[in-house]
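Colleague: Sequence:
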Amino acid sequence: MTDLALELSKLVRPRLLSQAARAGEPMYERTRHLPRILGRSAPASHEIALGLLLEREQELEAQRKTGDAVYRAARHVELLIAIRAEAAMWQAPSADQDQVNASGIDAFLLATYAASASASAGSRAGCW
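Numbering follows full-length UniProt numbering, in which position 4 of the sequence shown is assigned residue number 4; successive positions increment by one, without gaps.
A hint or two may mislead.
[Unchecked claim] Here are the simulated distance ranges between beta carbons: (1) Leu16 <-> Ala69: 15 to 23 angstroms; (2) Ala69 <-> Gln91: 35 to 43 angstroms; (3) Asp68 <-> Ser45: 27 to 35 angstroms; (4) Gln58 <-> Pro35: 14 to 22 angstroms; (5) Ala92 <-> Ala69: 37 to 45 angstroms.
By construction, these hints were calculated from the structure, which means they are not laboratory data. Predicted model only: the values in this text are computed from it and were never measured. Here a beta-carbon is modelled for each residue, glycine too, at the ideal position from N, C-alpha and C.
Please work from the sequences and hints to get the whole structure.
Modeller: Written out as structure tokens, the structure reads:
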């Protein structure tokens, strides 16, 4: 497990913050939100973005725990949304990886028109 994956696995926050981040994740748009959250242009790598986001989130978590007057829950939720979305993109298999098609047309036809299908009405057994 990489350091980043370990950091993500240890990230545990109060239920309300987690639920808000989970609810906001589908609305995350990297090109629009990440530069605003980071205060700079978005890094090309999800791994770099996650590192920067986790650093800022740790600062906010410290503010939350100490009751710091500058702590803003909305900002914390924004960061958690970005972390969830960036982690999902980072861990998703890339489109350029070779993927084996486990079910070609032959497998589809065999499953759809199986010889074991009954001869009852609506069955396509042996009706090629």
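Colleague: Could you work out which earlier hints the structure fails to respect and list their numbers in ascending sequence?
Modeller: none
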